[in-house]
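Engineer: Just need the whole structure built from these sequences, with the hints factored in.
There are 4 protein chains.
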Amino acid sequence: MTISLEQAEKAIVHAKKKAGKLDTKMNIAVVDAGANLVAFARMDGAWLGSLDIAIKKAKTARFFDMNTGLIGGLSQPGGPLYNIEHSNGGLISFPGGIPIKNKKGEIIGAIGVSGSTVENDHEVADAGASAI
Amino acid sequence: MTISLEQAEKAIVHAKKKAGKLDTKMNIAVVDAGANLVAFARMDGAWLGSLDIAIKKAKTARFFDMNTGLIGGLSQPGGPLYNIEHSNGGLISFPGGIPIKNKKGEIIGAIGVSGSTVENDHEVADAGASAI
Amino acid sequence: MTISLEQAEKAIVHAKKKAGKLDTKMNIAVVDAGANLVAFARMDGAWLGSLDIAIKKAKTARFFDMNTGLIGGLSQPGGPLYNIEHSNGGLISFPGGIPIKNKKGEIIGAIGVSGSTVENDHEVADAGASAI
Amino acid sequence: MTISLEQAEKAIVHAKKKAGKLDTKMNIAVVDAGANLVAFARMDGAWLGSLDIAIKKAKTARFFDMNTGLIGGLSQPGGPLYNIEHSNGGLISFPGGIPIKNKKGEIIGAIGVSGSTVENDHEVADAGASAI
Chain W
83 MTISLEQAEK AIVHAKKKAG KLDTKMNIAV VDAGANLVAF ARMDGAWLGS LDIAIKKAKT
143 ARFFDMNTGL IGGLSQPGGP LYNIEHSNGG LISFPGGIPI KNKKGEIIGA IGVSGSTVEN
203 DHEVADAGAS AI
Chain F
83 MTISLEQAEK AIVHAKKKAG KLDTKMNIAV VDAGANLVAF ARMDGAWLGS LDIAIKKAKT
143 ARFFDMNTGL IGGLSQPGGP LYNIEHSNGG LISFPGGIPI KNKKGEIIGA IGVSGSTVEN
203 DHEVADAGAS AI
Chain C
83 MTISLEQAEK AIVHAKKKAG KLDTKMNIAV VDAGANLVAF ARMDGAWLGS LDIAIKKAKT
143 ARFFDMNTGL IGGLSQPGGP LYNIEHSNGG LISFPGGIPI KNKKGEIIGA IGVSGSTVEN
203 DHEVADAGAS AI
Chain G
83 MTISLEQAEK AIVHAKKKAG KLDTKMNIAV VDAGANLVAF ARMDGAWLGS LDIAIKKAKT
143 ARFFDMNTGL IGGLSQPGGP LYNIEHSNGG LISFPGGIPI KNKKGEIIGA IGVSGSTVEN
203 DHEVADAGAS AI
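If you read the sequences in order, they're chains W, F, C and G.
Under the numbering used here, read the first sequence as residues 83 to 214, first letter to last.
Under the numbering used here, read the second sequence as residues 83 to 214, first letter to last.
Under the numbering used here, read the third sequence as residues 83 to 214, first letter to last.
Under the numbering used here, read the fourth sequence as residues 83 to 214, first letter to last.
There may be inaccurate statements among the hints.
For identical chains, the list gives no copy identity; a pair is met inside one copy or between any two copies.
With a straight-line Cα cutoff of 27 Å, these simulated DSS-like cross-link-like pairs (lysine-lysine) come out [what the hints assert, rightly or not]:
id : residue 1 : residue 2
1  : 185       : 92
2  : 186       : 107
3  : 107       : 185
4  : 92        : 186
The set of hints was computed from the structure by calculation and includes no laboratory data.
Structural biologist: Right, dumping it as structure tokens:
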């Protein structure tokens, strides 16, 4: 099972709405079960550097089937996954990446959001993931 | 002047419609005036390998402000731009990438399409670019 | 709005003057609104390794529209943006990169300086950015 | 012996003048004896994709101490250096890169120009190299 383009675009629509409510400008990426990009949107005026970060957050969330912030908790100095960010062409391990599940609870992809505080990034990603 | 997300999404909508009429499954990428990704869509079942090609076609079209196929005509063995594809982290120089202009004729971004024959790729890209 | 070559070269002239007053040898890079290089100068005897750092500082400052040192304050172990440096092909998050604004206050590019202490790097970057 | 920043900037000034006479918009890069960038300028409106090509031409010319076009003559299908462009992170082997010599005839760096036809690129590079 993998996410469809229609689902990915629905996630982006909901993420954009939430971003608007929070008065933020976001980069929003959705990857499929294979961690490959399905849909992407950069809101006007969003940080250029967040383009790559949003995609990397989505990939990271699907690479390990967990929220990106959880990985960051393990990758700190002295932690069990110290500097795991060097793998896979670069991971992003702070909040804003969330797996996307279907109604059966199967992971079918992931969403990554970047452009504001990590709290806002996570909230916008959650709005997108929850729409599916 | 650079393309807005609204314009980029409009280009993708029109490109997807044309892809449907041609019974093809496409990866469609839109970049802004700085050659940075603004919006992307991969239709269900489209070739995975075309994801990167679509993005590279869009970038290539904006890098040189011309249709990608024109570059390929110059980069053949014996041609003046032989192996130019080694620059910029990898160019794609066959058809499917087209600059996007505003109503004044200024280039504000580019669209890249990959997933079928180069003739179909070009036709779908043209449908997207013409919608702006 | 993006920086012109004339403005970028003016920023470099002022940065070089400041570098001379501080008795330092700097690499100085200026990028445009799309984070692409516009002008660059490496002063005689400046560290070779600072060439890439200066360019990455300029890009980083434009990627997030803030001074590079601010990002470094957030990317420390335990911080909200820990290891953000793995994105965008490599960020530099210590001081020396500053956005460049036009007279209306719009960001039109950025300058990055590397070759001495981060305090000197920042001071030289500021001399360049302030000249526009 | 290696080129100084003053010499590199002089080369760029002369290259820009020639580019203006030819009514072209160029990216111009100068590298030192170590093939590392010393100075760079992108003229307003010059192709974005030529930024990387200009730098690669300058590096290629210094890597092999010859005009880039000569390498392209050897790198064709069936030629002795077929696909040498895959080395060194990507070479550019069509005209526009020229070694820079001092008055004793020693090679002290190279200039690379991109933004127009390869004939114009070469002519502008030659104007820069000849100024030293």
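Engineer: A separate judgement is required for each hint: does it hold in the structure or not?
Structural biologist: The hints, checked one at a time:
no., hint, in the structure
1, 185 <-> 92, "within (15 Å within a copy, 30 Å between copies)"
2, 186 <-> 107, "between (32 Å within a copy, 21 Å between copies)"
3, 107 <-> 185, "between (29 Å within a copy, 24 Å between copies)"
4, 92 <-> 186, "within (18 Å within a copy, 31 Å between copies)"
Of the numbered hints stated above, none is contradicted by the structure.
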